[in-house]
Amino acid sequence: EDKVVQSPLSLVVHEGDTVTLNCSYEVTNFRSLLWYKQEKKAPTFLFMLTSSGIEKKSGRLSSILDKKELFSILNITATQTGDSAIYLCAANTGNQFYFGTGTSLTVIP
Amino acid sequence: GAGVSQSPRYKVAKRGQDVALRCDPISGHVSLFWYQQALGQGPEFLTYFQNEAQLDKSGLPSDRFFAERPEGSVSTLKIQRTQQEDSAVYLCASSSRAGVGEKLFFGSGTQLSVL
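Protein chains in written order, with our numbering: chain Y, 1 to 109; chain S, 110 to 224.
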């Protein structure tokens, strides 16, 4: 059965902290791994990863994929209250996107 | 359109009523997906269209759920005889084509509450 597992389920940190969110996957015909940020309802795209070991960065956020060990991490440095959201990862198998349950991040001032 | 548009934003239904949820994808997007997201959970796949063809409906939880995309653009998800367990946010997403290198663009969802 195809599945995507995220950890931790929830996280509370103080502003300025660095966080690491984990995503492991077991799917057939893996194509890419995507990260989304969900603040209210509509998930918004953060990163798409297709190759192992190549870090993608956008400001304080970065992500990397390990296709041998079947996982990805999302790092957020110098967290801000605006980073509070649910972070979803999804595995793309070509015509299916399997989502994890998400990590709920709360950043307190 | 500029983004994926879903309507209504909120829907309250009495148990047993039929509901219809609409999704207007980004213009020209070939692929359209419906997801169900329960509180505290990630989106669960319901069904997938490529143009007007429904290629995968394996995620539809029962035969009370039906989706269509007759002209390959707007899609409707219909739920007949709603039950309380149908209460969730229904997300629609589209992508320009299927396959590698594609990402999903999501609408703001329809929050369905069945009383």
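FYI, nobody ran anything at the bench for these hints, they're computed from the structure.
Heads up, a few of these hints could be off.
Straight-line Cα separation of at most 30 Å, BS3-like style, residue types lysine-lysine; simulated pairs [stated by the list, open to error]:
| no. | chain 1 | residue 1 | chain 2 | residue 2 |
| --- | --- | --- | --- | --- |
| 1 | Y | Lys68 | Y | Lys57 |
| 2 | S | Lys120 | S | Lys166 |
| 3 | S | Lys120 | Y | Lys40 |
| 4 | S | Lys166 | Y | Lys37 |
| 5 | S | Lys123 | Y | Lys40 |
| 6 | S | Lys187 | Y | Lys56 |
| 7 | S | Lys123 | Y | Lys68 |
| 8 | Y | Lys41 | S | Lys187 |
| 9 | Y | Lys56 | Y | Lys68 |
| 10 | Y | Lys40 | S | Lys187 |
| 11 | Y | Lys56 | S | Lys123 |
| 12 | Y | Lys67 | Y | Lys37 |
| 13 | S | Lys166 | Y | Lys67 |
| 14 | Y | Lys41 | S | Lys212 |
| 15 | Y | Lys68 | Y | Lys3 |
| 16 | Y | Lys56 | Y | Lys37 |
| 17 | S | Lys120 | S | Lys187 |
| 18 | S | Lys187 | Y | Lys57 |
| 19 | Y | Lys40 | Y | Lys68 |
| 20 | S | Lys187 | Y | Lys3 |
| 21 | Y | Lys37 | S | Lys212 |
| 22 | Y | Lys56 | S | Lys212 |
| 23 | S | Lys123 | Y | Lys57 |
| 24 | Y | Lys41 | S | Lys123 |
| 25 | S | Lys120 | Y | Lys57 |
| 26 | S | Lys123 | Y | Lys3 |
| 27 | S | Lys187 | S | Lys166 |
| 28 | Y | Lys3 | S | Lys212 |
| 29 | S | Lys187 | Y | Lys37 |
These are the hints, each one checked on the structure:
1. Lys68(Y) to Lys57(Y): 21 Å, holds
2. Lys120(S) to Lys166(S): 23 Å, holds
3. Lys120(S) to Lys40(Y): Distance of about 17 Å is within 30 Å: holds.
4. Lys166(S) to Lys37(Y): Holds, because 26 Å separates the two Cα atoms, which is no more than 30 Å.
5. Lys123(S) to Lys40(Y): 25 Å, holds
6. Lys187(S) to Lys56(Y): It is violated: about 39 Å lies between the C-alpha atoms, which goes past 30 Å.
7. Lys123(S) to Lys68(Y): At roughly 49 Å apart (the allowed maximum being 30 Å), Lys68(Y) and Lys123(S) break the hint.
8. Lys41(Y) to Lys187(S): With a Cα-Cα distance of about 20 Å, the restraint between Lys41(Y) and Lys187(S) holds, given a limit of 30 Å.
9. Lys56(Y) to Lys68(Y): Within the cut-off at roughly 18 Å; holds.
10. Lys40(Y) to Lys187(S): 24 Å, holds
11. Lys56(Y) to Lys123(S): 47 Å, violated
12. Lys67(Y) to Lys37(Y): Roughly 22 Å between the alpha carbons, so the hint for Lys67(Y) and Lys37(Y) holds.
13. Lys166(S) to Lys67(Y): With a Cα-Cα distance of about 28 Å, the restraint between Lys166(S) and Lys67(Y) holds, given a limit of 30 Å.
14. Lys41(Y) to Lys212(S): Holds - the C-alpha atoms of Lys212(S) and Lys41(Y) are around 17 Å apart, at most 30 Å.
15. Lys68(Y) to Lys3(Y): 16 Å, holds
16. Lys56(Y) to Lys37(Y): Holds, at about 16 Å.
17. Lys120(S) to Lys187(S): 13 Å, holds
18. Lys187(S) to Lys57(Y): 40 Å, violated
19. Lys40(Y) to Lys68(Y): Cα-Cα ~34 Å, so violated.
20. Lys187(S) to Lys3(Y): 27 Å, holds
21. Lys37(Y) to Lys212(S): 13 Å, holds
22. Lys56(Y) to Lys212(S): 15 Å, holds
23. Lys123(S) to Lys57(Y): 47 Å, violated
24. Lys41(Y) to Lys123(S): OK: Lys41(Y) and Lys123(S) at ~23 Å, within 30 Å.
25. Lys120(S) to Lys57(Y): 39 Å, violated
26. Lys123(S) to Lys3(Y): Violated. Lys123(S) to Lys3(Y) sits at ~34 Å, over the 30 Å cutoff.
27. Lys187(S) to Lys166(S): 13 Å, holds
28. Lys3(Y) to Lys212(S): Measuring from Cα to Cα gives roughly 18 Å; hence the hint holds.
29. Lys187(S) to Lys37(Y): Judged against 30 Å, a Cα distance of about 28 Å means the pair holds.
When the structure is compared with the earlier hints, violations turn up for hints 6, 7, 11, 18, 19, 23, 25, 26 and for no others.
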